[in-house]
Amino acid sequence: MAGRMRLPQGGFVAHDELLTFTFNGKTYKGLAGDTLASALLANGIHMVGRSFKYHRPRGIVSAGGEEPNALMQVGDDPRSEPNLKATQVELVDGLKAKSQNAWPSLEFDVGALNGLASRFLPAGFYYKTFMWPASAWMTYEHFIRRAAGLGVSPRQRDPDRYDKTFAHCDVLVVGGGPAGLAAALSAGRAGARVILAEQDHLLGGALLNTQGEVIDGQPARDWIAAAEAELAALPEVRVLKRTICYAAFDHNFFGLVESVTDHLPRPPENLPRKRLWKLRTKQVVYCAGAIERPLVFADNDRPGVMTASAVQSYVNRYALRPGRRAVVFTNNDSGYGAALDMKAAGIEVAAVVDARQVPAGPLTERATALGLRILGGFAIVAVEGARRVKRVRVAELSLDGKTVTGVPEAIDCDLVASSGGWNPTVHLFCQAKGKLRWDDEHACFLPDAAMQTGQQSAGAANGRFGLGSCLREGTEAGAAAAAACGFAPSDTAASQAEDRDFLPGRWIWLVPGEHPLGHKAKHFVDQQNDVTAADLKLALREGYRSIEHVKRYTTTGMATDQGKMGNVNAIGIVADEVGGHLPEVGVTTFRPPYTPVTFGVFAGRDVDNLLDPVRRTPMHAWHERNGALFEDVGQWRRAWYYPQHGEDMHAAVNREVKAVRDSLGILDATTLGKIDIQGPDAAEFLNRVYTNAWLKLGIGRCRYGLMLKEDGMVMDDGVTTRLGEKHYLMTTTTGNAAAVLGHLEDYLQTEWPDLQVYLTSVTEQFATMTLSGPSARRLLADVSDADLSPEALPHMAYTAAKVAGVPARIFRISFTGELSYEINVPASFGMAVWQTLTTAGERYGITPYGTEAMHVLRAEKGYIIVGQETDGSVTPHDLGMDWAVSKTKDFVGRRSLSREDMARPDRKQLVGLLTKDPKEVLPEGAQLVEKVLPQPPMPMLGHVTSSYHSPNCGRSIAMALVKGGLARKGETLFAPLGDGRTIACVVADTCVFFDPEGERLK
Amino acid sequence: MLLIACPHCGPRAESEFHCGGEAHIERPKDPASLSDAEWAEFVFLRDNIKGLVFERWNHAHGCRRWFNAARDSVTYEILAIYPMGSPPPALDPRRYV
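If you read the protein sequences in the order shown, they are chains D and P.
The first sequence begins at 1 in our numbering and counts up one residue at a time.
The second sequence begins at 1 in our numbering and counts up one residue at a time.
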């Protein structure tokens, strides 16, 4: 037999299929169909962990996803996973599980000393104690977290694969209990495309946990099987088991996680471990059932105290006895279900302690008829037994339920089943912003108006607690959802069953104990976070009123279970304390996920090379062959520099920079954005989006343009060329290409739809290579049929010609200050032309140079890079580029340039900087000050935007944005660095450090 | 994630779209004639309405066309989709307290 507490037969476990597993290193047997929790209980193990703060022994409380205590570390590295709820882990052969939050062992736990010191650990203790000085928090946090034992993340890389899938359906049914099955059946029969998601591996929901339910005259078990078979046969219906709907987003978009292989001892290679479903549905029916609320009584966290429904589940579904002698503590009729089922399973029911003065209800009557000992108007006031319940003491409640009277009676027992009522599972409905209303009779929050269209709740999730009502409402909701999608209703009659509620109830949120609250015993509200009723009251005494604040101060309802069992009790206790009605206190916000989702699910296949698309130029392979190192610019991989013969970066860049000025360099500039602009109004359009004038640019001529946003700040720059009468080619910075195209399209479509202009991105259609240096003309003449004379093709001119036998566009433009030609050829010819140029260029000592050398070369000339010299707060005037701003026409951003703020003398302006020691290179980003103070803070004037060693200037050069910089020429500024050094530098007369007259461009 | 009915491509997920903010703010024909305050109103200031809002949307990863949408900023329900340059449809303002 798999465990000494196992029943010989019954339930939904395979009694002949033994599985072996280990818990904290010891080996046990379980059955196929077990969860880790049920297998442990079958072996008589209740105590499975230590609590978060006080390290109190804790047991399994529930049989589902609401479990606060039984958190496990399952599996070995690299497949080790923390914080799994034992109640949700399907048992597989060879499974290894460990308790969390116990050191060095579960039985002997050092942290339990916290329990002895617990009166020094009230709510907000960490906030009050460790937040000062703020700088020490990092140190405290390290130790607190280690002691708190939140599980251990695997140290190795996750070896599993995860998948994503997108799906659309007419009707999503969340939950495969009676209401969900009925909804899926009626919607499916009408012809709707239905997805039914059930977190369990069995359909049936709460029906799996009970005995003797009858639907349409047959055992519930048979009805479930028939429903499952019918759903499987409906072509448009899909049933997803082991699939939890963890999130409801806008417009009926849902996130679901399907567990594909965790339940398989040897998963096949071809399957992903889990699958993320991104599901859009027209209609949703929430049939997520309800979660039983435990009662809050003294030391209600002892191992062996469970919810009544969990006890029923373990007896009926998992065929085991969670104890030998039990006491039931209830305030409503449903607790008697556990009493009856336990008795039937041979568990002695010592007493049913019922908070109601007059116990009543159908199950109560059955228990009375069976002669069970029922203590009406009583409460459990104490629980004995540190590692397992040994005994409870019960006493009579006062009329108001706030105190107890008389001498308590001790009752020996090893199991307490508690029921405080039921909370409909409204989480997804609320994530979708649905409003709740309070049901006084059932003492629970129910779905009220849905915020989004196409959302219904049915069954226990909607406060229909009787089986007959669940089936009827599910049937109607499914039919209505299908009808809303345009399907004619099928003539489905709802299945019939008994309609038993759990009323009447006596709603006591806090059960009094033998001692004043907070003394000698603890009333736990949130077991996962070790929050007690006394903590809630402390928070109220300290002035917190909003339930959201009480939550954050006490941490009630946080962590992996998000207070599924404790939240409404907490709200009830707060309401009692402040003397208000419970709905006036309100609920905290429900946010995704409903239960934790492992990170791999979100990553899916978007890892490694698939994490982000990589863009490579047609010449990429050549750069690789020639030893280039690469840098990422946007999604592009750009050649950074080409080290040779063991050169370091500094040496390589120096060599490349020198070569361009001395003879000839070649740069792969393919990544620059290219936008083809055509149409009769193209010139007028350019005139409006650029700061300078464009109406008179001749065909075959190029012009530099500055583009602003409407706020007057520089957004992009680049050269635009007039290729033909109505045809222009704009270039943009590499990283900004998409943004610029979007910016232009926005104006064209929304502000100036009258302009006839057409924009096309052609960045990837052309390979671009730049020849730069004194020998550029000679090389190009060798391989091209173009007339390259300065008269025919002066600076800032364009011609179409053949280069290396390939049709090409040649632009004589320069970002280095040298004689330069930018050559565009169709992308597919890029590699061939590049190879021709580099081979033919050998006689001129052609040197490939990368982006780093390009940066140095342009900085020597004081050319800005948008995004480096600018940061969205810099105007053309700040850059000293008034020359590029028209005084006579309107353009995007122009009016902003004359705002009062733009005339402030202390605006940051771009200046050149020269260090006093020419060998010293300022770090980019260094802050500049007028005077160095002994320690920060000191008034900061600005920062270094670009800084390099310039081999051509024989010294370091830099640019910086400095407050009032243009008026500071000749001033000495200081850059105090993090390492204690201070670099002195002088504001230069100009940013142009090399060839200030521009002779070399001619 | 919203489901947005692009007038050219049909219903598509929000991740394909870019929201351009409040609609019906026309670029002034003669910016130079505006005071600083008036210009700042145009460039920087937008209403933040709880209820019916009119927004510009661009199907950036689809047809790349701009269009207008009327949306309830509380329920996120999209109440109308209409072309650029059209006046806003007459709809219940849906003001929430």
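Bear in mind the hints are in silico, worked out from the structure with no lab data behind them.
All residues carry an ideal CB built from backbone N, CA and C; glycine is no exception.
Please note: incorrect hints may appear among the correct ones.
To be verified - Distance windows between CB atoms, simulated:
id, chain 1, residue 1, chain 2, residue 2, range
1, P, V74, D, T165, 29 to 35 Å
2, D, L150, P, E38, 51 to 57 Å
3, D, P937, P, L91, 24 to 30 Å
4, P, H8, D, E269, 42 to 48 Å
5, P, L34, D, E548, 56 to 62 Å
6, D, T760, P, C19, 22 to 28 Å
7, P, H18, D, E900, 30 to 36 Å
8, P, E26, D, Q935, 36 to 42 Å
9, P, H8, D, E900, 40 to 46 Å
10, D, Q756, P, E41, 48 to 54 Å
11, D, L150, P, C9, 43 to 49 Å
12, D, Y758, P, L3, 27 to 33 Å
Said to hold, decoys possible - List of simulated lysine to aspartate or glutamate pairs, EDC-like, C-alpha gap at most 20 Å:
id, chain 1, residue 1, chain 2, residue 2
13, D, K435, P, E41
14, D, K908, D, E997
15, D, K164, P, E14
16, D, K658, D, D676
17, D, K709, P, E41
18, D, K887, P, D36
19, P, K50, D, E647
20, D, K433, P, E26
Here is what the structure says about each hint:
A hinted range of 29 to 35 Å holds for the C-beta pair P/V74 and D/T165, which are about 31 Å apart. In this structure the hint that D/L150 and P/E38 lie 51 to 57 Å apart at CB holds, the actual value being about 56 Å. Our hint of 24 to 30 Å for D/P937 and P/L91 is violated, since their Cβ atoms are close to 53 Å apart. For the hinted restraint 42 to 48 Å between P/H8 and D/E269, the CB-CB distance of approximately 43 Å keeps it satisfied.
Taking the beta carbon of each, P/L34 and D/E548 are about 44 Å apart, not inside 56 to 62 Å as hinted. Checking the proposed 22 to 28 Å range against D/T760 and P/C19 shows it holds: the Cβ atoms sit about 24 Å from each other. For the hinted restraint 30 to 36 Å between P/H18 and D/E900, the CB-CB distance of approximately 32 Å keeps it satisfied. For the hinted restraint 36 to 42 Å between P/E26 and D/Q935, the CB-CB distance of approximately 53 Å leaves it violated.
Under the hint 40 to 46 Å, the C-beta atoms of P/H8 and D/E900, about 43 Å apart, fit the expected range. Under the hint 48 to 54 Å, the C-beta atoms of D/Q756 and P/E41, about 31 Å apart, miss the expected range. Judged by the Cβ atoms, the range 43 to 49 Å given for D/L150 and P/C9 holds: they are separated by roughly 46 Å. D/Y758 and P/L3 have their C-beta atoms about 30 Å apart, which keeps the hinted 27 to 33 Å range intact.
Our distance criterion of 20 Å between C-alpha atoms is broken by D/K435 and P/E41, whose separation comes to about 37 Å. Proximity of D/K908 to D/E997 is assessed by CA-CA distance (about 26 Å); at most 20 Å being required, the pair is judged violated. With a C-alpha separation of about 18 Å, the suggested pair D/K164 and P/E14 falls inside the 20 Å cut-off, and the hint holds. In summary, the hint linking D/K658 to D/D676 is not supported, as the alpha carbons are separated by about 34 Å, beyond the 20 Å threshold.
With a C-alpha separation of about 15 Å, the suggested pair D/K709 and P/E41 falls inside the 20 Å cut-off, and the hint holds. Taken as a hint, the D/K887 and P/D36 pair is honoured in the structure, with Cα atoms around 18 Å apart against an allowance of 20 Å. The straight-line distance between the Cα atoms of P/K50 and D/E647 is roughly 62 Å, outside the 20 Å bound, and the hint therefore fails. With a CA separation close to 34 Å, the supplied pair D/K433 and P/E26 exceeds the 20 Å bound.
The structure fails hints 3, 5, 8, 10, 13, 14, 16, 19, 20 (numbered hints given earlier, in ascending order).
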